[in-house]
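A.B. asks: Read off the chains here:
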Amino acid sequence: MKLWEYVVRRIFLLVFVLIGVTFITFFLSQVLLDPLSLYLTEKTRAGAIPAIIAHYHLNDPWPIRYGVYVLNLLKGDWGYSRSLSQPVLQGLLERFPATLELTIAAMLWILLMGIPAGTISALKKNKLPDHVTRVFALAGVSSPIFWLGLILQLVFFYYFQLIGLPHLPSNGRIDPSLAIDYPITTITGLMVLDTLITGNWVMFEDSLAHLVLPSFALGFVGLGVIMRIMRSSMLEVLRQDYIILARSKGLPERAVIYRHALKNAMIPTVTVAGLVVAALLGGAPLTETVFGWPGMGRLAVDAIGRNDAPLIMGFTLIAALILVLANLGVDILYAYLDPRIKY
Amino acid sequence: MVFETFLIQSSGDSQLGESDSLLRVCNLKLDFHTYAGEVKALNGVTFAIKRGEALGLVGESGCGKSVTALTIVRLLPDNATVTDGMIALLGRDLLKTPDNEMRKIRAEQVAMVFQDPTTFLNPVLTIGQQLEEVFQLSPERDKAHSEVRHKLTKTSKAERKDLCIEALRQVKLPDPQRILKQYPHELSGGMRQRCMIAMALARNPDLFIADEITTALDVTIQAQILELLRDLKRDFHGSTLLITHDLGVVAKLCSRVAVMYAGNVVELANVRELFAKPLHPYTQGLMKAVPMLGSVGRLETIPGSVPDLIRPPSGCRFHPRCPHALEKCSLVKPELLDTTEGHTVACHLCGEERT
Amino acid sequence: MNLKRSSWSPILAELKFAGHLLVQNKIVLSGIVISVGVLITAILSPFVVSPTIATTIDLPDRLHPPSATHWFGTDDFGRDLLGMIILSTRLDVSAMLEIVGAGLLIGVPLGAFSGFLGGKLDEALMRITDVFFSIPSLILALAVAAALGRGLDNLILAMIVVQWPGYARILRGQVLVEKDRLYVDALRALGIGKVRIIMLHIIPNTIYPLLVQCTLDLGGVILTFAGLSFLGFGASALTPELGRLITAGQTYIFQAPWLTAFPGIAILIIALAFNLMGDGIRDVLDPKLRR
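Chains as they are written, first to last, in the working numbering: chain V, 1 to 343; chain U, 1 to 355; chain A, 1 to 291.
Everything labelled a hint here was simulated from the structure, so no lab data went into it. Heads up, some of the hints might be wrong.
As the list claims (entries may be wrong) - With beta-carbon atoms standing in for the labels, derived distance ranges: (1) Leu-21(A) - Phe-12(V): 41 to 49 Å; (2) Thr-34(U) - His-131(V): 22 to 30 Å; (3) Gly-305(V) - Tyr-252(A): 14 to 22 Å.
To be verified - Taking lysine to any residue and the SDA-like style, the derived pairs with C-alpha atoms no more than 20 Å apart in a straight line are: (4) Lys-124(V) - Asn-79(U); (5) Lys-181(U) - Ala-335(V); (6) Lys-181(U) - Leu-337(V); (7) Lys-26(A) - Leu-138(V); (8) Lys-263(V) - Thr-118(U); (9) Lys-181(U) - Asp-338(V); (10) Lys-181(U) - Ile-341(V); (11) Lys-26(A) - Asp-130(V); (12) Lys-127(V) - Ala-139(V); (13) Lys-104(U) - Ile-19(V); (14) Lys-263(V) - Lys-181(U); (15) Lys-26(A) - Val-135(V); (16) Lys-181(U) - Arg-259(V); (17) Lys-263(V) - Thr-119(U); (18) Lys-120(A) - Gly-20(V); (19) Lys-125(V) - His-33(U); (20) Lys-263(V) - His-185(U); (21) Lys-127(V) - Asn-25(A); (22) Lys-181(U) - Val-135(V); (23) Lys-29(U) - Leu-331(U); (24) Lys-127(V) - Asn-79(U); (25) Lys-104(U) - Arg-259(V); (26) Lys-26(A) - Ala-139(V); (27) Lys-157(U) - Arg-259(V); (28) Lys-124(V) - Glu-133(U); (29) Lys-124(V) - Leu-75(U); (30) Lys-104(U) - Ile-244(V); (31) Lys-26(A) - Asn-126(V); (32) Lys-125(V) - Asn-25(A); (33) Lys-124(V) - Asp-99(U); (34) Lys-263(V) - Tyr-183(U); (35) Lys-104(U) - Pro-252(V); (36) Lys-120(A) - Lys-124(V); (37) Lys-120(A) - Phe-16(V); (38) Lys-161(U) - Arg-259(V); (39) Lys-263(V) - Pro-123(U); (40) Lys-181(U) - Pro-252(V).
Built from N, CA and C at the ideal position, the CB exists for glycine as well.
Construct the entire structure; sequences and hints are all you get.
C.D. replies: Right, dumping it as structure tokens:
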């Protein structure tokens, strides 16, 4: 099977999984909760309710209700969020770029720090860099994200300020007063990127500074996971016979590691990448809340306090969609890295 | 250079004189540290290989043949320690060579092919990638050697490709262009082994070590590989160390044989001589256990089993299984002594008979 | 092997031996010691610290930094933070154990039978667990808890829903390997029923990866549980719970950082202990895991 055939087949399976997810959200929002609440707005008059019930087939048996529900999802009608005074999908999409930016930044921390650190840890096994990395990684997988965020704010914002060191901001994506003087043109929705493209250096620095702490807090767990798995898979690879052959050819150690070992060691790491994305998505609500980051996660958290179930269900659907796509990407990457697997 | 006392006392020393020998292993002792204890794997291994000669290193599994080979190229695992001895390659003690020099030696002078082509080839790199890197290593013009060396100048990608194709042709692989693009798992075991041989011989090394290279293959493929090696021998002017447990292979490809048992070389002779007149009781036992054309009657086995190398037998390590053991054999380790015709044995019996 | 007896006894003996190996590793040992310490604290907490301190307001004493009388300081109601943390362990630890325990009770039999019986049932289970895996666990727990309503029991229930698919998959994978083994055919030939085979023979032989996963999960679950409590789910505001303590501490984070720091460190220590134990168990059982 060719690669593109494999991709098509996976997308097919992906659709099935997403249908399963819609079943869960349907069950939660229409069976456990009052189905009407999904579609009521604050402006709906009592008289309009029967029409709404008819439109969404809310009195029909559940298979029909489910079918209508899914059809509406595909049409873009994900219900109405009374806390936002907006349709759910619209509200989520508006805040999607913020979460995307945060997640990408966290991923960068994880990849750019985690992979090299794990590799070095394996190469210098049981020496100081190894011990430091292992402690750090262990702390990573044991720390509560929200607490870490708070501590980071305490140290890098508050204490640094007290001592007089240059400090990092603790809240939001940008300094609103600065943004008035240096307005940001939105191109991609990722502020760091947009300000870079438009040459808006003041806001570039500002948005970058705001991104540092939250993305690090979000990525901390994933960082620990990747460090640990890179270390263990690298150690495993270095024990293999083909490494002995590579050395017996007289290759410099650098070539042995980068050319022969690393690609093999990356394979188990890539398989974990899907889990890491899941952890990032799951950590988003916590991190965005602690840092006042205006993303989808914080939206969902605020919705909790305001009993806005439609929004929470909508967030669940988007999170599942992102995760499923990320897993697809991971599988494609894996197929690319390992020529042995047959698709 | 000053060498330690060379333990082979030969009457006709010219056979193993310094100018003739490519590789001399003297009294090599090696231990492995394991949870169960110290495994005394090598107990004073001694042999020499002349230029252009093919020496067979025979023995059963676990006798230390592969360990000896890995010690020559210094690719032992971390828990191995050389406790005594010397390995001289063209006069240079490999055990005392620093790592970066050792790397050069591996690149240019010593090449090794291993037993299992499945695990010894990198699964995520193509054959072409694994072969061409051999040609990418920069050359060292070593003035001490007047050998004609395969010239490895800074090659271009196209040149390397041609060299790779040529190397694959040498080992009789059909359609080399295609194979270069393939991954190891796409090839058969025999083809993979040929690729490994190609990788080794491409550098035209001074010493070619083949560690049980046919053991993991089917019998028919084995025969093909042996054929190949016989053909290659015509054009290959370096020395070969052929490690195997199969006496038949030795008979076909080698001029001299060293027999190993439990970490010692117990007998060294020309192939014909060894088969005609094995002197060491172990070698005799081996001969009796191998079916040969014209042999009649039962195959005999050597009673007992391979000793535990953490607590090896005292004196001669073979004495518990030896039908002719003397009291002396359990007390004193026999040295390798020359008998006539360049036939060397480590056995008190032979020594006794001599006197 | 004596096929008439179950496979539990030899496996338990192996585990005992593994246990001896485990305690030799100092790091793992410290993990075990801390875990046991945490458990003991949780069990004994109402006897060590009076539960009434949770509801006693002592205004003059509020927001004091750590001192000789109050080792971890006091919160904005004047309650001793150390006492609150100790009381909280009871809730957090019991929630942890309930969630993982119930997840096992549901997931293990489902996975085992699905793997053993195969066919449509197995396919269905695979698809269902696929769906569960495609939603990040915290978010799924959040959605289920939101649908069920606030309250501690609902939060625990939501997290059990998230927890069981993982165990089902592990068991299924292991059972698929085990059922092809010769001893299973032998047992069938003896006429022993499928249920007995699964419960008495297959499950004990598949226990090692499960053991590792459970221990690591105990660490993960408390992090998620505390996180969701921090966000407002679970126990009511006044009930002592570590995540809640941090929520309360957040308001005063700059003036009274100890209110945020110490409960978080407590969570970290608990998660750390189980991670260390899980790592250690994995390393010891590693050759057996690769069977």
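A.B. asks: Now tell me if each hint is right for this structure.
C.D. replies: Hint check results:
1. For Leu-21(A) paired with Phe-12(V), a C-beta distance near 47 Å keeps the hint of 41 to 49 Å intact.
2. At about 25 Å, the CB distance of Thr-34(U) to His-131(V) agrees with the hint of 22 to 30 Å.
3. Between Gly-305(V) and Tyr-252(A) the C-beta distance comes to about 20 Å, which sits within the given range of 14 to 22 Å.
4. With a CA separation close to 16 Å, the supplied pair Lys-124(V) and Asn-79(U) stays within the 20 Å bound.
5. Proposed proximity of Lys-181(U) and Ala-335(V) is supported: the alpha carbons are some 17 Å apart, at most 20 Å.
6. Among the hinted pairs, Lys-181(U) with Leu-337(V) is consistent with the structure: their alpha-carbon atoms are about 15 Å apart, no more than 20 Å.
7. Pair hint Lys-26(A) plus Leu-138(V) holds up; C-alpha atoms about 16 Å apart against a cutoff of 20 Å.
8. Straight-line distance between C-alpha atoms of Lys-263(V) and Thr-118(U) comes to about 18 Å, which keeps the hinted pair within the 20 Å bound.
9. The straight-line distance between the Cα atoms of Lys-181(U) and Asp-338(V) is roughly 15 Å, inside the 20 Å bound, and the hint therefore holds.
10. The suggested pairing of Lys-181(U) with Ile-341(V) holds, with an alpha-carbon distance near 17 Å, which does not exceed 20 Å.
11. Between the alpha carbons of Lys-26(A) and Asp-130(V) the distance comes to roughly 17 Å, so the proposed pair stays at or under 20 Å and holds.
12. Using a Cα cut-off of 20 Å, the hinted pair Lys-127(V) and Ala-139(V) holds, with the two alpha carbons roughly 19 Å apart.
13. This hinted pair does not check out: Lys-104(U) and Ile-19(V) have alpha carbons roughly 60 Å apart, beyond 20 Å.
14. Taking the CA atoms of Lys-263(V) and Lys-181(U), the gap is near 18 Å; set against the 20 Å cutoff, the hint holds.
15. With a C-alpha separation of about 15 Å, the suggested pair Lys-26(A) and Val-135(V) falls inside the 20 Å cut-off, and the hint holds.
16. Using a Cα cut-off of 20 Å, the hinted pair Lys-181(U) and Arg-259(V) holds, with the two alpha carbons roughly 17 Å apart.
17. With a C-alpha separation of about 16 Å, the suggested pair Lys-263(V) and Thr-119(U) falls inside the 20 Å cut-off, and the hint holds.
18. Note on Lys-120(A) and Gly-20(V): the hinted pairing holds, with a Cα-Cα distance of about 17 Å set against a maximum of 20 Å.
19. Only pairs whose Cα atoms come within 20 Å are accepted, and Lys-125(V) paired with His-33(U) is accepted, the gap being roughly 18 Å.
20. Under the criterion of a C-alpha separation no larger than 20 Å, the hint pairing Lys-263(V) with His-185(U) is consistent with the structure, at around 16 Å.
21. In summary, the hint linking Lys-127(V) to Asn-25(A) is supported, as the alpha carbons are separated by about 18 Å, within the 20 Å threshold.
22. Distance hint between Lys-181(U) and Val-135(V) is unfulfilled; the C-alpha atoms sit about 43 Å from each other, more than 20 Å.
23. Between Lys-29(U) and Leu-331(U) the alpha-carbon distance is near 19 Å, which keeps this suggested pair within the 20 Å criterion.
24. The hinted pair formed by Lys-127(V) and Asn-79(U) meets the criterion: a straight-line CA distance of about 17 Å does not exceed 20 Å.
25. With a C-alpha separation of about 18 Å, the suggested pair Lys-104(U) and Arg-259(V) falls inside the 20 Å cut-off, and the hint holds.
26. Between Lys-26(A) and Ala-139(V), the direct Cα distance comes to roughly 18 Å. Compliance with the 20 Å bound is thereby established for this hinted pair.
27. Straight-line distance between C-alpha atoms of Lys-157(U) and Arg-259(V) comes to about 17 Å, which keeps the hinted pair within the 20 Å bound.
28. Restraint check for Lys-124(V) and Glu-133(U): not satisfied, since their Cα atoms lie roughly 26 Å apart, outside the 20 Å limit.
29. In summary, the hint linking Lys-124(V) to Leu-75(U) is supported, as the alpha carbons are separated by about 18 Å, within the 20 Å threshold.
30. With a C-alpha separation of about 15 Å, the suggested pair Lys-104(U) and Ile-244(V) falls inside the 20 Å cut-off, and the hint holds.
31. This hinted pair checks out: Lys-26(A) and Asn-126(V) have alpha carbons roughly 15 Å apart, not beyond 20 Å.
32. Proximity of Lys-125(V) to Asn-25(A) is assessed by CA-CA distance (about 17 Å); at most 20 Å being required, the pair is judged to hold.
33. Of the supplied pair hints, the one linking Lys-124(V) and Asp-99(U) holds, its CA atoms being roughly 17 Å apart against a limit of 20 Å.
34. Between the alpha carbons of Lys-263(V) and Tyr-183(U) the distance comes to roughly 14 Å, so the proposed pair stays at or under 20 Å and holds.
35. Only pairs whose Cα atoms come within 20 Å are accepted, and Lys-104(U) paired with Pro-252(V) is accepted, the gap being roughly 9 Å.
36. Between Lys-120(A) and Lys-124(V) the CA atoms are separated by roughly 49 Å; this puts the pair beyond 20 Å, and the hint is violated.
37. Pair hint Lys-120(A) plus Phe-16(V) holds up; C-alpha atoms about 16 Å apart against a cutoff of 20 Å.
38. Proposed proximity of Lys-161(U) and Arg-259(V) is supported: the alpha carbons are some 18 Å apart, at most 20 Å.
39. Restraint check for Lys-263(V) and Pro-123(U): satisfied, since their Cα atoms lie roughly 10 Å apart, inside the 20 Å limit.
40. For the proposed pair Lys-181(U) and Pro-252(V), the alpha carbon gap of about 24 Å is over 20 Å, so the pair is violated.
When each numbered hint is compared with the structure, violations occur for hints 13, 22, 28, 36 and 40.
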